[in-house]
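Please put together the full structure from these sequences, using the hints given.
In the order they appear, the protein sequences are chains A and B.
Our numbering applies: residue 1 is where the first sequence begins, and numbers increase by one.
Our numbering applies: residue 1001 is where the second sequence begins, and numbers increase by one.
What the hints contain is simulated information worked out from the structure, not anything from laboratory work.
Incorrect hints may appear among the rest.
[Said to hold, decoys possible] What follows is a list of derived Cβ distance ranges for each label pair: (1) Leu574(A) with Glu1027(B): 47 to 57 Å; (2) Glu1027(B) with Leu572(A): 50 to 60 Å; (3) Lys1015(B) with Ile201(A): 20 to 30 Å; (4) Gln1074(B) with Asp47(A): 57 to 67 Å; (5) Lys1003(B) with Tyr399(A): 40 to 50 Å; (6) Lys1015(B) with Tyr399(A): 45 to 55 Å; (7) Lys1015(B) with Phe204(A): 23 to 33 Å; (8) Glu1027(B) with Ile477(A): 55 to 65 Å; (9) Leu411(A) with Lys1003(B): 32 to 42 Å; (10) Lys69(A) with Arg1004(B): 24 to 34 Å; (11) Gln1074(B) with Gly548(A): 43 to 53 Å; (12) Glu1020(B) with Leu411(A): 55 to 65 Å.
[What the hints assert, rightly or not] A few chain A residues facing chain B, derived, Cβ under 10 Å: (13) Phe95; (14) Lys120; (15) Trp177; (16) Ile209; (17) His328.
[To be verified] Residues of chain A clear of chain B, computed beta-carbon distances all greater than 12 Å: (18) Ser38; (19) Asn89; (20) Lys149; (21) Arg193; (22) Phe204; (23) Phe242; (24) Thr255; (25) Phe289; (26) Lys418; (27) Leu424; (28) Arg446; (29) Asn516.
All residues carry an ideal CB built from backbone N, CA and C; glycine is no exception.
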Amino acid sequence: MKVLLMGNPNVGKSVIFNRLSGLNVVSSNYAGTTINFSKTFVSLTKDKKVELIDVPGTYTLKPTNEAEKVAVEILKEGDVVLNVIDATNLERNLFLTMQLISFKKPLVVVLNMWDETKHKGIDIDVKKISDILGVPVIPICALSGEGIKKLSLAIKDAAISSYIGESFKKLDNLFIWRKIGKIISDAQKLHYRHHNLWQRISDFSIHPIWGLFFAFFALYGSFKIIRFIGEGLIGYIFDPFFQNILTPLLMKLSTLLGSGGFLHQILIGKLIDGQIDYFQSFGVLTSGFYVPIAAVLPYVISFYFILSVLEDSGYLPRLAVLVDSIFHKLGLHGYAIIPTLLGFGCNVPGILATRILEDKRQRFVVSTLISIAVPCVAMQAMILNVLGKYGFKYVISVYGVLFIVWIAIGLILSKFKKGDTPELFIEIPPYRFPSFKVLSKKLYFRVKGFLLEALPIVLGGILVVNLLYTLNIFQYIADFTAPVITILMGLPKNAVIAIIMGFLRKDIAMGMLLTNPMTLKQLFISTIVLSMTFPCIATFVVLWKELGWKKTLYSILIMSLTAIFVGSILHLIL
Amino acid sequence: MVKRITELRSKEFAKVISIEGGENFKEKLNTLGIRKNIKIKKVSDSFLRGPIVIKINLMEIAIGWRMADKVLVQTDSLK
Chain A
1 MKVLLMGNPN VGKSVIFNRL SGLNVVSSNY AGTTINFSKT FVSLTKDKKV ELIDVPGTYT
61 LKPTNEAEKV AVEILKEGDV VLNVIDATNL ERNLFLTMQL ISFKKPLVVV LNMWDETKHK
121 GIDIDVKKIS DILGVPVIPI CALSGEGIKK LSLAIKDAAI SSYIGESFKK LDNLFIWRKI
181 GKIISDAQKL HYRHHNLWQR ISDFSIHPIW GLFFAFFALY GSFKIIRFIG EGLIGYIFDP
241 FFQNILTPLL MKLSTLLGSG GFLHQILIGK LIDGQIDYFQ SFGVLTSGFY VPIAAVLPYV
301 ISFYFILSVL EDSGYLPRLA VLVDSIFHKL GLHGYAIIPT LLGFGCNVPG ILATRILEDK
361 RQRFVVSTLI SIAVPCVAMQ AMILNVLGKY GFKYVISVYG VLFIVWIAIG LILSKFKKGD
421 TPELFIEIPP YRFPSFKVLS KKLYFRVKGF LLEALPIVLG GILVVNLLYT LNIFQYIADF
481 TAPVITILMG LPKNAVIAII MGFLRKDIAM GMLLTNPMTL KQLFISTIVL SMTFPCIATF
541 VVLWKELGWK KTLYSILIMS LTAIFVGSIL HLIL
Chain B
1001 MVKRITELRS KEFAKVISIE GGENFKEKLN TLGIRKNIKI KKVSDSFLRG PIVIKINLME
1061 IAIGWRMADK VLVQTDSLK
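Dropping the structure here:
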């Protein structure tokens, strides 16, 4: 049996999905080509297993975009529909319910965010709605888990409603609203409530002037907190662990291996002044573990913590509204800020998130901008670790240059790839205090995802790099590209190897840069060039999948030209 | 008085009386609940013809300036 979770966007379907599958046995993720939806098997009763599908949010079943087309397709296969409704927004949400009813599928109506109705002065007569529609209506609070048990028991009582007799094709909006109006007047009472604190903050943060101050402090504050937590974790936990516990062990191994030779080169790497230097030694057991775990992981944790808070609080759509008029100058609309911010974590989810933008042109532009001018958290962690030593102004300058590049490429692309940018039209969710449980779960999955993906690539990459070094292959490449690297950008010719290695992962590439003796200026330029060039392999694959090979190549061409251009300009003016 | 959403002052209430544009456009507005006879409140403007925030019941919606300019509203008979 297939049970579908359907409803408007942002009504808590996925939270319910996670709650229900908390009792599950097997779970899997399916990445569709146009849209992601998750499914899993859930045992509702001892002997009965059902397939639960989290359908992308949709406002209407008259497909106007890809997501809605997918939703209608899945609906055809479903046996039971759990129609999730935001109870604080009953009227609008019932529109989809009416359309679902006309499809004659067994239905359960789920009134989520039940707790919020009370604060907001909304009185809903659940029994009345259930009587009118003739289907089970279950009030729940998915965040706290209240009512979930009842919901799982109610699935077997799902019923076909006869409230709408007409078939879907014959439905007319006015008729639907009349039918909804009847339910609302019978089953819902509103009591006026005064503005509460959240509401005041909300008004303030979308105000055209105050909102910009708010945005500045929110983003600046986020960056500060990310650094504070990241540095704290490194300084008090991860670095001491490596220095005090692992270094003595690795030094023993080094002596055992005779402080040199092939195996030593691969496992420990180069000794710097007779000691292990976790950034420069570049062995599998030294830099291979230190870079992803002690240098990058702490920032992954702190970045995703703050990002999750921003996501769950409801601030991001407001930020989208504020920046919309600025983004329109780049031919984008404000919602593009969300994939961009996600890209600061990892370019992959950032580029995937461009799916929330309507048209292909915008998706191409935003994906290209992300892969060129938005450094992922691994890269940023290395920038902070490496350039931060020389002073924070260098770190800020890297961001400054990337920001200018971001705007410049955006402007140029908006001239060349003209198209009408659809205007912003979005629902602004109320502010909510992020739930600790949901937050920690999300953080856990993101951190786990990072470790599973990064560690093998870093370790394997360092192994391969060391092998290639001994085979002298890098020398040929370095000689070949030397004119561009040394003459145009003023970098040591071996820097190209690190830049090429950026194709594997940016954090090891940054580590490799350090194995070359460089001046501060060279370090600064090569950091920027590395940030902008080749997307790492994961980003490359996702670009390819999302944009197709032609646009990916086009995007990479733009990227390479920009990197060479910016590197040369910086070499000239610094 | 009949105005466009873009002409409303912030915090002003009004009732939608008609929407200029084709069926697709009306259908799009309909998905977020903007339709004939619905009461709205303008929450805030933004500068440079950026999106306008309006409120329907308890829900806030950001709507692009040019879209908002196609929605005619009536301000009297509403406090």
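Hint by hint, here is what the structure shows:
1. For leucine 574(A) and glutamate 1027(B), the hinted distance range of 47 to 57 Å is satisfied, since their beta carbons lie about 55 Å from each other.
2. Taking the beta carbon of each, glutamate 1027(B) and leucine 572(A) are about 55 Å apart, inside 50 to 60 Å as hinted.
3. The beta-carbon spacing between lysine 1015(B) and isoleucine 201(A), approximately 28 Å, falls within the hinted interval of 20 to 30 Å.
4. At about 60 Å, the CB distance of glutamine 1074(B) to aspartate 47(A) agrees with the hint of 57 to 67 Å.
5. Checked against the hint of 40 to 50 Å, the C-beta distance between lysine 1003(B) and tyrosine 399(A) comes to roughly 44 Å, which is consistent with it.
6. Range check, lysine 1015(B) to tyrosine 399(A): Cβ separation about 48 Å, and the 45 to 55 Å hint holds.
7. Take lysine 1015(B) and phenylalanine 204(A): their Cβ atoms lie about 27 Å apart, and the range 23 to 33 Å holds.
8. The hint said 55 to 65 Å for the Cβ distance between glutamate 1027(B) and isoleucine 477(A), and at roughly 56 Å that hint holds.
9. Here the CB-CB span from leucine 411(A) to lysine 1003(B) is close to 35 Å, well matched to the stated 32 to 42 Å.
10. Between lysine 69(A) and arginine 1004(B) the CB atoms are about 33 Å apart, so this pair conforms to the stated range of 24 to 34 Å.
11. The hinted range of 43 to 53 Å is satisfied by glutamine 1074(B) and glycine 548(A), whose Cβ atoms lie roughly 49 Å apart.
12. Evaluation of the 55 to 65 Å hint for glutamate 1020(B) and leucine 411(A) yields a failure: the beta carbon distance comes to about 32 Å.
13. Given hint, phenylalanine 95(A) at the interface with chain B, holds; its Cβ is 8 Å from that chain's nearest Cβ, closer than 10 Å.
14. With a least beta-carbon distance of about 6 Å to chain B, the hint placing lysine 120(A) at the interface is held under the 10 Å criterion.
15. A distance limit of 10 Å between C-beta atoms decides the matter here; for tryptophan 177(A) the minimum to chain B is near 7 Å, and the interface restraint holds.
16. Given the 10 Å rule on beta carbons, the hint for isoleucine 209(A) holds: about 8 Å separates it from the nearest Cβ of chain B.
17. Hint status for histidine 328(A) relative to chain B: holds, with the closest Cβ pair at about 8 Å, below 10 Å.
18. In this structure serine 38(A) is separated from chain B by more than 12 Å, as the shortest Cβ-Cβ distance comes to about 24 Å.
19. Distance to chain B contradicts asparagine 89(A) as a non-interface residue, since its nearest Cβ pair spans about 5 Å, not more than 12 Å.
20. The claim that lysine 149(A) is not at the interface with chain B holds, since no C-beta of that chain comes within 12 Å of its own (minimum 28 Å).
21. Its beta-carbon lying about 9 Å from the closest one in chain B, arginine 193(A) breaks the requirement of being farther than 12 Å from that chain.
22. A beta-carbon of chain B is positioned within 12 Å of the beta-carbon of phenylalanine 204(A); the least distance is around 10 Å.
23. Every beta carbon of chain B lies more than 12 Å from that of phenylalanine 242(A), the smallest distance being close to 48 Å; the non-interface claim holds.
24. The Cβ of threonine 255(A) lies farther than 12 Å from every Cβ of chain B, with a closest approach of about 65 Å, so its non-interface assignment holds.
25. Chain B leaves phenylalanine 289(A) outside its interface by the beta-carbon criterion, the shortest separation being 46 Å against a cut-off of 12 Å.
26. Every C-beta of chain B lies more than 12 Å from that of lysine 418(A), the closest at about 17 Å, which supports listing it as non-interface.
27. In this structure leucine 424(A) is not separated from chain B by more than 12 Å, as the shortest Cβ-Cβ distance comes to only about 5 Å.
28. Consistency note on arginine 446(A): stated as away from chain B, and its beta-carbon is indeed over 12 Å from all of that chain's, at 28 Å minimum.
29. With 12 Å as the threshold on Cβ separation, the claim that asparagine 516(A) sits away from chain B holds: the shortest Cβ distance comes to roughly 46 Å.
The structure does not agree with the numbered hints 12, 19, 21, 22, 27 stated previously, though it agrees with the rest.
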